[in-house]
Amino acid sequence: MKKNEMTLAQKIYRKSRLWVILLLVVIFPLIQIPKNGKMIFLADNYLLHMANISMMFAILTISLNILSGFTGLMSVGHIAFFGIGAYSAAILTTKAGMPILVGFIAAGVISALFSLILGLPTMRLRGMYFSVATMAFGEIIYQLIKNLEPLTGGTKGITKIPSIEIFGISFKDYRNFYYLMLLGLVLVIVLTQNLKNSRPGRAMLAIRANDIAAEAMGVNVVSYKLVAFMASAFFAGIAGAFYAHEMRYISPETFASVESASLLAMMVVGGIGSIPGAILGGAALTILPEVLRFIGEFRLVLYGAAVVAIIIFAPKGLGGLITWIDETLSGQRAKGSKHPSEAEAGEEAQE
Amino acid sequence: MSKNILETQGIGIQFGGLKAVNNVNFTAGEGEITALIGPNGAGKTTLFNLIAGFYAPTAGKVFFKGEDITALKPYQRTRIGLARTFQNINLFADMSVMDNALVGQHCRMTYDPISAMLSLPSKHKQEKASRKEVMEMLDFMGLADVAEEKAGSLSYGKQKNLEIARAMATKPELLLLDEPASGLNTQELDQLSQRVLAMRDRGITVVLIEHKMDVVMTISHKVMVLNFGETIAFGPPETVSADPHVIEAYLGKEDDEDA
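From first to last, the protein sequence lines are chains F and X. Letter 39 of the first sequence, counting from 1, is numbered 41 in the working numbering, and no numbers are missing. Letter 154 of the second sequence, counting from 1, is numbered 141 in the working numbering, and no numbers are missing.
No lab work stands behind these hints: they were computed from the structure. Watch out, some of these pointers could steer you wrong.
What the hints assert, rightly or not - Chain F is faced by these chain X residues, among others (derived, beta-carbon under 7 Å):
hint : residue
1    : PHE50
2    : ARG71
3    : PRO100
4    : ILE101
5    : THR157
To be verified - In silico PhoX-like links for lysine-lysine, alpha-carbon gap of 20 Å or less:
hint : chain 1 : residue 1 : chain 2 : residue 2
6    : X       : LYS60     : X       : LYS48
7    : X       : LYS158    : X       : LYS119
8    : X       : LYS158    : X       : LYS112
9    : X       : LYS60     : F       : LYS198
10   : X       : LYS158    : X       : LYS115
11   : X       : LYS137    : F       : LYS198
12   : X       : LYS115    : F       : LYS198
13   : X       : LYS48     : F       : LYS198
We put the beta carbon where it would ideally sit given N, CA and C, even for glycine.
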């Protein structure tokens, strides 16, 4: 299939798309609108807080994608690594009085160490068996957080977590924190994208596609599963540190093992293995329950229905939808190609 | 006689009460093409799995380049120059043709995950060299023009070629081809023979499992015939095809099946 000649509009689109998105997210907190004769920010604290939490969940979903999306190891206890990161950062900066930067690095490293401890005995397990192991791990970590009172504060949690300050600039303000969070998210995206298009990344994708063939190509399957697990846990831990310093108060309920299911939903809604999808999935499922808040208890039903609808109408997730729009706008889509959901349905029918 | 790059000594494997492969002494001469034939269920693929390390033998040993490799894992064997293809296509269907072959280059690159994430110069240097190498392999197997397409979208013949290109990308000294000709048309079959001969000319030792007798007889130096897991003949093609045991066990039946 030959790529079509691009029109000028398509060329401009291709060159500018990333910069336009970046520009929009950078100016979003700065936009001011007139109200009652005064200029006020379009994004109030509530909106900024939502944006920050969305970005944090985007990092978390990307981290889950490295393990489950790239390597095909379904984790149902991923929230545990988020919790380990959050508590590591919180304990080190409050009880041990460590600098925040140390807390951040420790959050990633300690999470990765836990994944190593869980991974060494479980990496030879396949499919469901690994998933069950992660589920048990998620529950164990939750119980530990709840019951190790001297360290974690038990059900009362940890309060007075310091806000971040770098070179005299305080990130206590949600607006400032937004930029720090954005920087963190962009870094994680770049690192993950680099990983995906590399020797270890291809090894992970190969393991998901066909672990026997991967082994035959010289990939040490067990050790690359471990690498994926540790990278995944590291980023989840970093997301946890962001969470601790944004909320400045953490308690066990955030890290209950059922939350792992929400993470899986974010990944699936975004499209398994897709980085843009992970961002959208993380953001969409953070914002959706808030948007639906006005209808009260009924919102959980609608939330569930929305997730099912996305899975049915966009089988490759929001990421697949974005790819489709992107290819259409840049003229990379071959003529006669169908909308992804139709194409998928056709393929399934053939099988 | 050239020296043997591969040798199995009395190798065997038992599944429950069944001896799938029993006391086989297989050798492959360096730089030669050796064929493995036999009726369905004779133990050919099982022998491949023993040589490539996917099964642990219950008896005997495997030697590669004079060293005992019986205890090595499959990926370690690939690293020291022993590659294989699969009878049923085992590609990474969602990955591009290029990426499939680049996985083959995995053990010829050395950079670690941290350099990968940070995109350090070692990554760029090795990636560039590997891509060049892989492109050459794809070109050799007639896949250069589909390098960016998904492996799963290729025609059957091209997928079979990609299986071989991917194994070639590991830079093997010994290549095990499991039924490379099955399902190919006459023209593709011809190209395959030419390519196998070209591999030999590059100094790669080839061992192939094949059903098509004309292919085997024209390109192989030596042929081993297996039946019920045991060797019934091993030698030059002329000798083997004249062996009465072989005619009885295999060639006679094969004619009936082909008709």
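Each hint tested on the structure:
1. Hint status for PHE50(X) relative to chain F: violated, with the closest Cβ pair at about 20 Å, above 7 Å.
2. The restraint placing ARG71(X) at the interface with chain F holds, with a minimum CB-CB distance near 6 Å, inside the 7 Å limit.
3. Residue-level restraint check for PRO100(X) holds (minimum Cβ-Cβ distance to chain F is 4 Å; threshold 7 Å).
4. At a threshold of 7 Å, the smallest CB-CB gap from ILE101(X) to chain F is about 9 Å, leaving the interface hint violated.
5. At about 6 Å, the closest approach between the beta carbon of THR157(X) and any beta carbon in chain F falls short of 7 Å, and the interface hint on this residue holds.
6. This hinted pair checks out: LYS60(X) and LYS48(X) have alpha carbons roughly 14 Å apart, not beyond 20 Å.
7. For the given pair, LYS158(X) sits about 13 Å from LYS119(X) by alpha-carbon distance, which is consistent with the 20 Å threshold.
8. For a cut-off of 20 Å, the pair hint linking LYS158(X) to LYS112(X) stands: about 18 Å separates their Cα positions.
9. Distance hint between LYS60(X) and LYS198(F) is unfulfilled; the C-alpha atoms sit about 26 Å from each other, more than 20 Å.
10. Note on LYS158(X) and LYS115(X): the hinted pairing holds, with a Cα-Cα distance of about 16 Å set against a maximum of 20 Å.
11. Restraint check for LYS137(X) and LYS198(F): the C-alpha separation of about 16 Å stays at or below 20 Å, so the hint holds.
12. The suggested pairing of LYS115(X) with LYS198(F) holds, with an alpha-carbon distance near 16 Å, which does not exceed 20 Å.
13. A threshold of 20 Å between alpha carbons decides the hint, and for LYS48(X) with LYS198(F) the separation of about 39 Å lies outside it, so the pair is violated.
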